[in-house]
Amino acid sequence: MSSAQSRSQSHAIRTTKSLIEHRGLLWELTKREQKDRYAGQMLGVAWSIGHPLFLILLYVFIFNFVFRQTVGGTAELPRDYTSYLLSGLVPWMAIQESMSRSCSSVNGKVDLVKQAVFPIEVLPVRVVLASHQSMLVSLACLIVYQLIKYQSVPSTILLLPLLLIVQLVFCAGIGCAFAAIAAYLRDLKDIVQVFSTAGIYLVPVFYLPAWVPGAFKPFLDVNPFSHFIWCYQDILYYGSFRHPISWLVSTLLAALMFVLGSNVFQRLRVGFGNVL
Amino acid sequence: MTTGHSQEPVIRVRGLGKSYRVFDHPREILAEVLLGRKNGREFKALRDISFDVHRGEVIGLVGPNGAGKSTLLKIIAGTLDATEGEVQLTGSVSAILELGTGFQPDYSGRENVVLGAMCLGLTRTEALEKLDEIIDFSELRGVIDQPFRTYSSGMKARLTFSTAISVSPEIFIVDEALAAGDAYFVNKCLIRMKEICTSGATVFFVSHSTDLVKRLCTRAMLIENGEMVLDGPVLEVCTAYEMKVLDHSSSVLQAVVPGSKDLNLSSATARIETVELLNKEGRAQNAYFQHEMVKVKIGLHLSDLVVNPALWLKITRSDGVNATSWLSHEPEFHDLGSLPSGPVSIDLVMPDLELGDGEYLLTVAIFPEKSSADSAFYLDPLALWEQCLRFTVRRRGRPLNTIYDQQVKIVGVSTGVEND
Chain A
0 MSSAQSRSQS HAIRTTKSLI EHRGLLWELT KREQKDRYAG QMLGVAWSIG HPLFLILLYV
60 FIFNFVFRQT VGGTAELPRD YTSYLLSGLV PWMAIQESMS RSCSSVNGKV DLVKQAVFPI
120 EVLPVRVVLA SHQSMLVSLA CLIVYQLIKY QSVPSTILLL PLLLIVQLVF CAGIGCAFAA
180 IAAYLRDLKD IVQVFSTAGI YLVPVFYLPA WVPGAFKPFL DVNPFSHFIW CYQDILYYGS
240 FRHPISWLVS TLLAALMFVL GSNVFQRLRV GFGNVL
Chain B
0 MTTGHSQEPV IRVRGLGKSY RVFDHPREIL AEVLLGRKNG REFKALRDIS FDVHRGEVIG
60 LVGPNGAGKS TLLKIIAGTL DATEGEVQLT GSVSAILELG TGFQPDYSGR ENVVLGAMCL
120 GLTRTEALEK LDEIIDFSEL RGVIDQPFRT YSSGMKARLT FSTAISVSPE IFIVDEALAA
180 GDAYFVNKCL IRMKEICTSG ATVFFVSHST DLVKRLCTRA MLIENGEMVL DGPVLEVCTA
240 YEMKVLDHSS SVLQAVVPGS KDLNLSSATA RIETVELLNK EGRAQNAYFQ HEMVKVKIGL
300 HLSDLVVNPA LWLKITRSDG VNATSWLSHE PEFHDLGSLP SGPVSIDLVM PDLELGDGEY
360 LLTVAIFPEK SSADSAFYLD PLALWEQCLR FTVRRRGRPL NTIYDQQVKI VGVSTGVEND
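Chains as they are written, first to last, in numbering that gives the first Met the number 0: chain A, 0 to 275; chain B, 0 to 419.
The following block holds chain B by itself, in its conformation from the complex (with noise of 0.2 Å):
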């Protein structure tokens, strides 16, 4: 990246404007085509995108849907022509816009390796050459001579993934298309791509998962209403990016769980009338990244006077699995001392939310102090409100799906060889 700095870049992107016109018949796009006659409304897709990529760089596309981002790559790889601005581009361009470019259902698997990497750029005999390399890429040889239509979706996309990434093109454009196939295949392509991105070609994919951006680019594009919000460092972009997210999953995320109410059980004493989940500027939010500070404030109505009652928290995950519960008089006994009848609020605060990805549900109750005497058990709450919240939490780093991030540290290596 250092050196290609300094050498002419490969992708020139200047003022870049891509408006459709909505047209109510193709013949009016015709007539404008030809006759350059203005008639439709006008969409803007892409404002005004400038920017240079070297030879190398291996740069990721992130934004929301409908942003753009396929629009730019289209416009880019040149199957879209640009309303305003222009695209330079110096050397061989091959373009993943979406799997499956020339295949043909009713041919083999080797037929259409062989059509489908030609459709890509390459001659016959190179097709040829290469088919033994891509079949094993694909690891299809058992069917490779059954007709495309009878695979399954999983190794259409396996086998035009093969195909796709076996020209070695020295622009490679890539929209979305990773997401198909198994786990272990999708690993291995990017094993492919960190290779096509190491060789020196010039990458630009777009993806929703900012997790693959991060693992296979050096620079990062956001892109927001077909506008370029920022471009730069992959992690910068990224964290910005997610930021955005689960700002916006925060706003439109429904905080209270529909039906919820009927799971609000008060008794003659108490009555739990709200609980609200606040970061650590004080404002309600439903959406966290992990290791936040996250505020819970529970507003209790009461009708006696409680001494002492012990405060509960569960927080279940959205597939059911029992995340963590939290009483506030066990393991460790804190004192919440005579409460008089009357509006009551109570604040907690979960200093480092070490919860993993995922969405959860918050369950809140109140038991009275339990006399040594009693049974060991909280049995009889004296309000309980399941499930009166729906919160997301997301790790910074790639997704995973543990429930929460043990921490661990080392504190030595020693190694089996001896100094003699």
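Here chain A stands alone, though its shape is the one from the complex (with noise of 0.2 Å):
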């Protein structure tokens, strides 16, 4: 048990020491992959702005607009919906991206997996990388935004740093299972784009969690991604620790996922020049 404990860990010191000694090589790539992805493309890296823009316009526009969802003013609901939503929408996006796009970071690098001596746990953490890239894009919408709107930020968005930290690590551990696992089984790169059209709807986005029939409501409350969402609001939108214990959770969580995503990448690797 005790061995089994401490070999996990080694899996995920091995992993972070990996990262840290090939940082230069992760950046590099990082900066690649966010460039690949529209190389080719007339507008090119606009694109990675234009695309989470387009998205963040269409839901404030559905939602403020055809649905007419009208909250804030209050001293529970201190801002307006639009702020409530971005700030929900932006991290869920990036997790989102993370993870969709790390099924295949490993899949479409067979070159460097399999002909070089190459790190390569550094194929999903730099997708992960260039998906947050996207994000702080979106950020600054939301903070322009808000700006505009009430010619002021929250003060606790000053804890920013801190919790991207969080979901990166969060993110980077996904990200590595997922990897890992797609070389094996290519279908889930499906199974998670389907998950995360309907995931959306299942974390605290769109609605309050006040609406949610009493039912329903311990999906989410047991759904790790609601608790992130809600740090993101408690920062971003509530300006205040409305929810200490998803702080807790998430941090946990993110250790959590990193150990056992780097724990199932490291052992799957040895398979990987067999099923590539």
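One or more of the hints may lead you astray.
What the hints assert, rightly or not - List time: in silico DSSO-like cross-link candidates among lysine-lysine, alpha-carbon distance up to 30 Å:
| hint | chain 1 | residue 1 | chain 2 | residue 2 |
| --- | --- | --- | --- | --- |
| 1 | B | Lys213 | A | Lys113 |
| 2 | B | Lys187 | A | Lys113 |
| 3 | A | Lys113 | B | Lys279 |
| 4 | A | Lys30 | B | Lys129 |
To be clear, the hints were calculated from the coordinates, so they are not data collected in a lab.
Join these two chains into a complex; the hints should help.
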């Protein structure tokens, strides 16, 4: 039991060490990943800004003007619905993008996996980082919106870097696991895609938890992604710690997911040469 | 090498085995890796391989296709897992298992060199420092800012190889990659490889070309059917491998040229029934090393008494070049005597086969004895069998495309310096 535990810890340490050692390569590949995605397209990297921007405008339009959601102005809900929507939507889009892109992060780089002595744990982490680059763009949109509307942002926004790191660790863990499993099970990419399409309705992004019928509320609480969303809403919308448990849960989840993910990755990587 | 043996080995392989399981679906592999459930059929690619490699050794791995050479290299490089046994490495490893690792078609040659070098383990600063050296080595400065996809395959090979050998690893693993590029560039790569070898790095090198292995390596290993057959000094192992290849090609080579029966012309008097090439033990063989003894056995059927016919052999290289010919009457006159009607067998010997590398076709003919009044040419054969046999010749040294080796001896050396 204890030896198995120390082995899984050493997998996580090994992954971390490798990532730190190859940070230059990781950064270079992250830049490439973002560039490659839109390579050969007329607007190029402009798409990495345009894509999330368009989605944000779409959601804001539908829920503000079509469904006419109006909240805010109370002590309970200090800011408007758009702020609420965006503070949850922005991290969710990054998480969802990390998950779906990491599925093909190893599959798509067969040459690096098979033909070189290459630190392949860099591969899933680079797409996670690349996905969060677009998140910075969406975050900027949210901040600009709040500045225009309220001439201020909640002071708790200072905690954003901390939360981002926790989220990155969490996504890196998921990314490693998904990348490794997808090498064997190509269907995972589609499973993740289907899940993330539905997933946006399973996290409290469009609605307030209070609107959920009581019988379904526990689902919201056990959904690990909800806790990340709540943390973001705390610092970007409420401006206070409304969900202290979520902060604890998120941090623990991130650590757990990273250990689990790097464990899965390091255990499965030995077989990559056989399946790719 | 002498000092190396007293030290700890840099590569230590013990009881290494690799078996592939043949699966019907990838999910079965997942089940096996995660749950340890055995399913699928087993195929053994490597069996019980053990050896030590010391610092500074340059090892050539030879063996036929599918023997497991690349599998072994991949396991040592760490891109493939071993089923059993263990591999221990001391020092940094760089491997060129296939050219073009990390190269992307849409980026310029320059960008690809930087990322390629980083993929091989350099930091960005190191890669940028080496950039000029790499571009100069590839001699592609003129096109270095063009997208990689616009390069010819030879140029791609040059750039990727230049990148790969710019890193100075302690253990360098190269698989076949030298085969790319033109003769000039291959030579350049060889010189660079030699430099890497002499710099004290340990090099592990796979090639089909025993010639390259002989030129680069100090020690060679022969692998066949996943087993280590020989491990020793480079010349010994390479010669053993060449013999095996020759034996093999001798057994698979179709000796009789397809359609050659149609080229067997006979007259009312004589017909060539059989032509055979035999080695010095008298065993039929169709592949020979240069300077071996080759016997030719010709079976004739005569319907009449034939007095001292002229026997003619002609050897043509498969590309059409007339390599050599021999006539029993000229320039030296050999009297075959009176041959009675019925079967006749004639044995010839080529005591020292001088032909160079290549595949050859043998033509055999017999002509009637020529009276001095006749024309100077042998025109009407009694029997002629064109291209009756095909055989291969290999030089023992490196391959050359010369027809034969002219013997040359050094008889004196004098220098221009006078002793005052």
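Taking the hints in turn, this is what the structure says about them:
1. Taking the CA atoms of Lys213/B and Lys113/A, the gap is near 28 Å; set against the 30 Å cutoff, the hint holds.
2. As the CA atoms of Lys187/B and Lys113/A are separated by approximately 27 Å, the hinted pair is consistent with the 30 Å bound.
3. Simply put, Lys113/A and Lys279/B have alpha-carbon atoms about 48 Å apart, too far for the 30 Å limit, and the pair is violated.
4. At roughly 21 Å between alpha-carbon atoms, Lys30/A and Lys129/B fall within 30 Å of each other, so this suggested pair holds.
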